[in-house]
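There are 2 protein chains.
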Amino acid sequence: MESGKSSKIAGLITTVSQLVLKDKRAIDLGKDQGDKIENCSMSKTMTRYVIRRGQIDDCSQISVLMRELAESEDYGDRVEVSEDDLRRDGFGDNPVFESIVLEDREADEESSILGYALFFMGFCSWKGRLLYLEDVYIDSEYRGTGLGIALLHTIAKISEERGCKAIQGTVVEWNTDVMKLYKRIGATDMTENDKYHLFAIGGTDVSRFAKARIPALNNGSQIVTCEL
Amino acid sequence: MESGKSSKIAGLITTVSQLVLKDKRAIDLGKDQGDKIENCSMSKTMTRYVIRRGQIDDCSQISVLMRELAESEDYGDRVEVSEDDLRRDGFGDNPVFESIVLEDREADEESSILGYALFFMGFCSWKGRLLYLEDVYIDSEYRGTGLGIALLHTIAKISEERGCKAIQGTVVEWNTDVMKLYKRIGATDMTENDKYHLFAIGGTDVSRFAKARIPALNNGSQIVTCEL
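Sequence order for the protein chains is V and L.
Numbering-wise, the first sequence is residues 1156 to 1383 according to our numbering.
Numbering-wise, the second sequence is residues 1156 to 1383 according to our numbering.
Only chain V is shown next, with the shape it has when bound in the complex (with noise of 0.2 Å):
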């Protein structure tokens, strides 16, 4: 998604340290305008986790969360995305996903991603640009430490940036511990209160609609479609 990767998020150098702790390091650590994930880097004496944009390299930790986290949700067999797809999809010449990844610079490089957030740009007809939310995961041994509240804060921060009039998501309904998470920054159930339902058509579905027949136009006149 071009958006994503070409916007720079100015007022995102504030860092969640700041926020919390007061911490002058950590202001001092963010306040560059050139400020990069190799200088985040410098801050390993100081600072434990590191909240930054998912890298291509990052991938391989991600697919295991993912599949973590579809496992958590009962859903393990349903799992369809390789590693090489999130490359080509998040990171390659036309992605259509972005992420950010809570990394812990004291584990060691293969685990030291604990958990990330899946995102893109979206479009609603009534609201405006959507911030789609679509992970939220924190590795289950990190619960209630408070670093999912600061991966939120992080897409909170980007959705701000960006002018989005939303954050829209999905969540199963018994995954309660999320809907909490939402609730508590002011989520609304669109389908508990709207009557909202989201439906699916699967590729194969798509594929022989996409090469049926469909029936000729009931006033005779005729209808083209241009390259698009």
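The hints are all genuine.
Pairs involving identical chains hold if they fit within one copy or between any two copies, as the list cannot separate such chains.
Taking lysine-lysine pairs in the DSSO-like style, the calculated list, with each CA pair at most 27 Å apart, reads:
#	residue 1	residue 2
1	Lys1338	Lys1350
2	Lys1335	Lys1366
3	Lys1366	Lys1282
4	Lys1366	Lys1338
5	Lys1335	Lys1282
6	Lys1350	Lys1282
7	Lys1335	Lys1350
Quick caveat, the hints were computed from the structure, so don't treat them as lab data.
Since chain V is already given, all that's left is putting chain L on it; use the hints.
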């Protein structure tokens, strides 16, 4: 969304007329790879309805139809999207949606758009790349003619051409026409079948959260957010 803007949908030069009517003129119209909307206008004498990519000049008419759609759902008072929002978010520097429109070449210019579909690309962490269908709308006078199916057929071709794993969309429970249309092409109601709920967190709540002090980490560690 760069992916949408730049990708040429090579297969999409086949026409609906070709599928339905085996009309030689329609086939000729579409077979040139260099075919453009301008060329389509040459078919005025033979083709009444044209499905083409939405243009910035269509925003005024799309906006009218969008309001009609919301009013038909009894949500007219909730529409906050202006023509300018459509221009900026669909056709500006960082477009977040794409559109196709159905044009009546026999109508005058101000009322030539009879229907539209609005969509964007997204990602499901189980399935992969998705096409999100926000709206499919046909002016009420033209319902039941097959024009709505033709719009949806074009969306299916786009989804197929881009390798999307599924089309997803939301429908209000009482909008049985759209539910039937989706189910006819094989849609699953994820709210009914898998107990999925759609959540929305409004922009003002997001702002409040983004500006809030978040709780300190339970384990006393520090966390920092890099520039994203």
